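2 protein chains.
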Amino acid sequence: MAKSTYRSRPTLRDIAHIAGVSAATVSYVLNGKGSVSAEVQKLVRKTAKDIGYRANYVAKATRTGQTLSIGLILPDLKNPFFPQLAQAVQSAARAAGYAVFLMDSQGDIEVEREGAEDFISRGVEGIVWCPATEHDSLSEYHADVPIVVVDRPLPNYDAISSDYYSGGGLLADYVLAQGHRHIGMIVGPQSLSSAKQRRDGFVDRIKGCAEIDWEVENDFSIELSDEVRRQLNDFDVSVIGCGNDFIAIGVIRALHELGRRVPKDVSVVGFDDIPWAAFSIPALTTIRQPFTKLGNEAATLLVRRILGEGGPHVNMTLGMRLVTRGSLSRH
Amino acid sequence: MAKSTYRSRPTLRDIAHIAGVSAATVSYVLNGKGSVSAEVQKLVRKTAKDIGYRANYVAKATRTGQTLSIGLILPDLKNPFFPQLAQAVQSAARAAGYAVFLMDSQGDIEVEREGAEDFISRGVEGIVWCPATEHDSLSEYHADVPIVVVDRPLPNYDAISSDYYSGGGLLADYVLAQGHRHIGMIVGPQSLSSAKQRRDGFVDRIKGCAEIDWEVENDFSIELSDEVRRQLNDFDVSVIGCGNDFIAIGVIRALHELGRRVPKDVSVVGFDDIPWAAFSIPALTTIRQPFTKLGNEAATLLVRRILGEGGPHVNMTLGMRLVTRGSLSRH
DNA sequence: CTAAAAGCCTTAAACGTTTAAGTCAATCGA
DNA sequence: TCGATTGACTTAAACGTTTAAGGCTTTTAG
Numbered sequence: 001m002a003k004s005t006y007r008s009r010p011t012l013r014d015i016a017h018i019a020g021v022s023a024a025t026v027s028y029v030l031n032g033k034g035s036v037s038a039e040v041q042k043l044v045r046k047t048a049k050d051i052g053y054r055a056n057y058v059a060k061a062t063r064t065g066q067t068l069s070i071g072l073i074l075p076d077l078k079n080p081f082f083p084q085l086a087q088a089v090q091s092a093a094r095a096a097g098y099a100v101f102l103m104d105s106q107g108d109i110e111v112e113r114e115g116a117e118d119f120i121s122r123g124v125e126g127i128v129w130c131p132a133t134e135h136d137s138l139s140e141y142h143a144d145v146p147i148v149v150v151d152r153p154l155p156n157y158d159a160i161s162s163d164y165y166s167g168g169g170l171l172a173d174y175v176l177a178q179g180h181r182h183i184g185m186i187v188g189p190q191s192l193s194s195a196k197q198r199r200d201g202f203v204d205r206i207k208g209c210a211e212i213d214w215e216v217e218n219d220f221s222i223e224l225s226d227e228v229r230r231q232l233n234d235f236d237v238s239v240i241g242c243g244n245d246f247i248a249i250g251v252i253r254a255l256h257e258l259g260r261r262v263p264k265d266v267s268v269v270g271f272d273d274i275p276w277a278a279f280s281i282p283a284l285t286t287i288r289q290p291f292t293k294l295g296n297e298a299a300t301l302l303v304r305r306i307l308g309e310g311g312p313h314v315n316m317t318l319g320m321r322l323v324t325r326g327s328l329s330r331h
Numbered sequence: 001m002a003k004s005t006y007r008s009r010p011t012l013r014d015i016a017h018i019a020g021v022s023a024a025t026v027s028y029v030l031n032g033k034g035s036v037s038a039e040v041q042k043l044v045r046k047t048a049k050d051i052g053y054r055a056n057y058v059a060k061a062t063r064t065g066q067t068l069s070i071g072l073i074l075p076d077l078k079n080p081f082f083p084q085l086a087q088a089v090q091s092a093a094r095a096a097g098y099a100v101f102l103m104d105s106q107g108d109i110e111v112e113r114e115g116a117e118d119f120i121s122r123g124v125e126g127i128v129w130c131p132a133t134e135h136d137s138l139s140e141y142h143a144d145v146p147i148v149v150v151d152r153p154l155p156n157y158d159a160i161s162s163d164y165y166s167g168g169g170l171l172a173d174y175v176l177a178q179g180h181r182h183i184g185m186i187v188g189p190q191s192l193s194s195a196k197q198r199r200d201g202f203v204d205r206i207k208g209c210a211e212i213d214w215e216v217e218n219d220f221s222i223e224l225s226d227e228v229r230r231q232l233n234d235f236d237v238s239v240i241g242c243g244n245d246f247i248a249i250g251v252i253r254a255l256h257e258l259g260r261r262v263p264k265d266v267s268v269v270g271f272d273d274i275p276w277a278a279f280s281i282p283a284l285t286t287i288r289q290p291f292t293k294l295g296n297e298a299a300t301l302l303v304r305r306i307l308g309e310g311g312p313h314v315n316m317t318l319g320m321r322l323v324t325r326g327s328l329s330r331h
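In order, the protein sequences belong to chains A and B.
Each residue of the first sequence is one higher than the one before, starting from 1 at the first, in our numbering.
Each residue of the second sequence is one higher than the one before, starting from 1 at the first, in our numbering.
Misleading hints may appear alongside valid ones.
Since the list can't tell identical chains apart, any single copy or any two copies may satisfy a pair.
[Claimed, not checked] When the alpha-carbon atoms are kept at most 30 Å apart in a straight line, the in silico DSS-like pairs for lysine-lysine are as follows: (1) LYS33 <-> LYS60; (2) LYS42 <-> LYS78; (3) LYS33 <-> LYS207; (4) LYS33 <-> LYS78; (5) LYS49 <-> LYS60.
Think of the hints as simulated: they come from the structure by calculation, not from any bench.
In this text, all values refer to a predicted model and were calculated from it rather than measured experimentally.
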């Protein structure tokens, strides 16, 4: 009874029958293989078109073993980091003829696992994975299918991530060049490698050139802890470096409530260049993460692996660049 | 040569062979059908586990005709409207056992078409579609597979959208209740039904109670046209109603550049309650669109159609609600 | 005690493709 | 003229499942 109202699609055999040739012949012309006379080719194509034939990929896949699909697992689409990534992965995959299954793990590593398992049952030929945590929750699927992890180098995987350390350095250079010598830092959770690297890159470059007056940790979130809010009353620093743009936007907001003007009274810099960064008031000076390139490269690398490209796991790292807007002024 | 380094997965026949039973028996126990002795059940399950068997959905699908997958087509993941929707669709689909293929049409109706075609070739059992334009670009796939369109009622489709008209009214009520009597409006492109409805809902309620001093059109975008920017110099209106939150954020920004304070000098209201709305300064008073519910309902309805539920096309409309934050003050 | 029913398992066909191998006729080269 | 090659097409098996039909063996009912 299910689907009863929807038409069942014509098959390759239907074409064969109508055109009076064998199924094999139809398959050959539709795939441009074998040798078939121009006459028959034309006939087959015509009947295919006439009856509205469309290939059945799943039948095709049973025979060839190729589903031409990949899976994308990411932690939370609501985080503005991921839509761009997903878009790029899908677009690059599509260009290579692959469709992409989407799985939002909601930050749950158990869901990540189940998702990967489900994907593999569905025959995906590879997975692009943006891990929710530092935990290698997909290790058991590793042998079944190539996996490219993005945003985080993970041992035993192909990995593509932004060069956070250099990005931190880039930001430090600019902060120094603009004359700032007293700096407050609100870093992301240092248990996350991505948070640690951007911090270290920044700090290492600052070292000896200026003073880091204080450094506190906060979630990668707009909500600031009480400890952080207290630090915001410090009038000695001329700039506050934030672990990411969320924190920076939260800081600008909190500063605004405290009656301190950005960047007049104190400058603020972020990290990532999420879409909102351009539209805060003032617009955020930040380090741009190449979201789109990240996704494109991940999908492209994955496809290469699928096509059999060997070699050791790559750990590709993409350059970041400084985006200067209004939230930091000369000091 | 491709995939040579990845293990080929054990099949149901492998289990059968090892356990010394027929493939049919294995299938029966794995699917909980037929009648199989407890003994054999145990044996089969054990061997399945031992050799790390995982069902091959594509083989299964050739036989059953059910791929347990649906497609999701949307115009632009970068638009903050869609990530939440996608998340909800995926989540609800997953709960029903369905996986979802993602396709970002980039606003191109040709891509929409190709995407749908590709999906159908891949055997999706249904499609959730968020049209990029008012154009019914998927009409030809309509007969193949159930399609639920979201955000826009479209004739001959099941449709789920927010009740924009009522939402507009809700906003008008609040604006009036707060004492505003002179209103400027920056509406979205009136060729879009969603833009038109929210405008009409607002205007119809205002009518007779207050003055709409001016009304201009702008894209649903943060970038404002010159005409719009000129209007912003009008000191007569006490509130500016915007077609969506993007426009509202752009307006707050432009007003800020003009030296006018929001909401002290003039109030601003948006529409949609995109995630950024809460974090602008001041935070936006707006009408919340039930993104998550929209996605959930769409997926659930689609699944019901897939399972064979008949009946005429539904045109479900979801209530919106007012979210009061700081961008509008009493007048 | 026997016929019918129930329980447990197998056989084999089917789903819509692809593709290796084979057939047959026409063409070619010497 | 004849064997070999080429060209055009077909046959049939295979991919990994599901499932209707059937065949034993054991249990049940009368």
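To see whether the hints hold, each was checked on the structure:
1. LYS33 <-> LYS60: both (15 Å within a copy, 28 Å between copies)
2. LYS42 <-> LYS78: neither (50 Å within a copy, 44 Å between copies)
3. LYS33 <-> LYS207: neither (65 Å within a copy, 69 Å between copies)
4. LYS33 <-> LYS78: Cα proximity of LYS33 and LYS78: none, with 45 Å in one copy and 41 Å across.
5. LYS49 <-> LYS60: both (19 Å within a copy, 28 Å between copies)
Figure legend: structure checked against the earlier numbered hints; hints not met, in rising order: 2, 3 and 4.
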